[in-house]
Amino acid sequence: ETGVTQTPRHLVMGMTNKKSLKCEQHLGHNAMYWYKQSAKKPLELMFVYNFKEQTENNSVPSRFSPECPNSSHLFLHLHTLQPEDSALYLCASSQEFDRDTEAFFGQGTRLTVV
Amino acid sequence: KQEVTQIPAALSVPEGENLVLNCSFTDSAIYNLQWFRQDPGKGLTSLLLIQSSQREQTSGRLNASLDKSSGRSTLYIAASQPGDSATYLCAVKKEKDDKIIFGKGTRLHILP
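If you're matching them up, the sequences are chains A and B in order. Quick note on numbering: the numbering used here labels position 98 of the first sequence as 98, and the sequence is numbered without any gaps. Quick note on numbering: the numbering used here labels position 84 of the second sequence as 198, and the sequence is numbered without any gaps.
Hints are computed from structural coordinates only; laboratory data are not their basis. Treat the numbers as computed from the prediction; the structure is a model and nothing was measured. Any given hint could be a false lead.
[Claimed, not checked] Under the rule of at most 25 angstroms between Cα atoms (straight-line distance), these lysine-lysine pairs were calculated in the DSS-like manner:
#1 LYS18/A <-> LYS218/B
#2 LYS218/B <-> LYS52/A
#3 LYS41/A <-> LYS210/B
#4 LYS213/B <-> LYS22/A
#5 LYS218/B <-> LYS208/B
#6 LYS213/B <-> LYS36/A
#7 LYS218/B <-> LYS40/A
#8 LYS182/B <-> LYS18/A
#9 LYS213/B <-> LYS156/B
#10 LYS40/A <-> LYS213/B
#11 LYS22/A <-> LYS115/B
#12 LYS156/B <-> LYS36/A
#13 LYS210/B <-> LYS19/A
#14 LYS213/B <-> LYS41/A
#15 LYS208/B <-> LYS36/A
#16 LYS210/B <-> LYS22/A
#17 LYS156/B <-> LYS22/A
#18 LYS218/B <-> LYS41/A
#19 LYS36/A <-> LYS115/B
#20 LYS19/A <-> LYS156/B
Assemble the whole structure, with the sequences as input and the hints as a guide.
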């Protein structure tokens, strides 16, 4: 248990559906991240939030929409996804964004788009 | 552009052997380097964090080294056990934009 909790653990959705992924941490961290992990590819950074403000959007398509209502919660809203968006989506947090601090990851949400 | 490379991509060794996993990165302007473990279908578990000013870190049977100037890190696992079977990921945190960049990982299989 890393202190970063992601829900749901598994999600199957159609291309016309709208769903949301949730990430929660009560570690007192100020920075939160969304990563995508596809088969045979390195983890890809999607979004970064620092003190609830988005500081990085790594050229992610608009069908992925992040939301960070407070420093403890991070959401990834999904709509009109494509089958190639099927992947493991990982959330991470760290104490300070621009400091030499350790990142902690959740267990991920396995997303399948049909 | 920071690129992280891990060699080998996969490794199988008999139980009890010592082994070394390699990680290299192209830009030495990093805050830290972190080694993670990932079991199939699971999230990432942090194993060791090496600050940019440090040379090595140890935790139990694990020892990680960092040569920042040459862009290299190694993860040494002593007396390997079947439970060590997993994918090991190396990641660096860039100074310029604070992104955490990952390698593709090394899939390790310890043979009983």
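Inset, instruction - For the pair supplied as a hint, LYS210/B and LYS19/A, confirm whether the alpha-carbon distance does not exceed 25 angstroms. - result: violated (34 angstroms)
Legend entry - Given hint LYS40/A paired with LYS218/B - CA-CA distance at most 25 angstroms: Holds, at about 7 angstroms.
Inset, instruction - Given the hint that LYS213/B pairs with LYS22/A, test it: the Cα-Cα distance must not exceed 25 angstroms. - result: Given that 25 angstroms is the threshold and the Cα spacing comes to 21 angstroms, the pair holds.
Inset, instruction - Given the hint that LYS213/B pairs with LYS41/A, test it: the Cα-Cα distance must not exceed 25 angstroms. - result: holds (17 angstroms)
Inset, instruction - Could you grab the alpha-carbon distance between LYS182/B and LYS18/A and see if it respects the 25 angstroms cut-off? - result: violated (44 angstroms)
Inset, instruction - Take a quick look at whether LYS156/B and LYS36/A sit within 25 angstroms of each other, Cα to Cα. - result: holds (13 angstroms)
Inset, instruction - Would you mind confirming whether the straight-line C-alpha gap from LYS210/B to LYS22/A stays at or under 25 angstroms? - result: violated (29 angstroms)
Legend entry - LYS218/B paired with LYS52/A [C-alpha distance capped at 25 angstroms]: violated (29 angstroms)
Legend entry - Hint consistency between LYS41/A and LYS210/B [alpha-carbon to alpha-carbon, up to 25 angstroms]: holds (23 angstroms)
Legend entry - 25 angstroms Cα cutoff - pair LYS213/B, LYS36/A: holds (14 angstroms)
Inset, instruction - Sort out whether LYS218/B lies within 25 angstroms of LYS18/A, counting only the CA atoms. - result: violated (30 angstroms)
Inset, instruction - Would you mind confirming whether the straight-line C-alpha gap from LYS213/B to LYS156/B stays at or under 25 angstroms? - result: Holds: LYS213/B and LYS156/B sit about 22 angstroms apart, inside 25 angstroms.
Figure legend: structure checked against the earlier numbered hints; hints not met, in rising order: 1, 2, 8, 11, 13 and 16.
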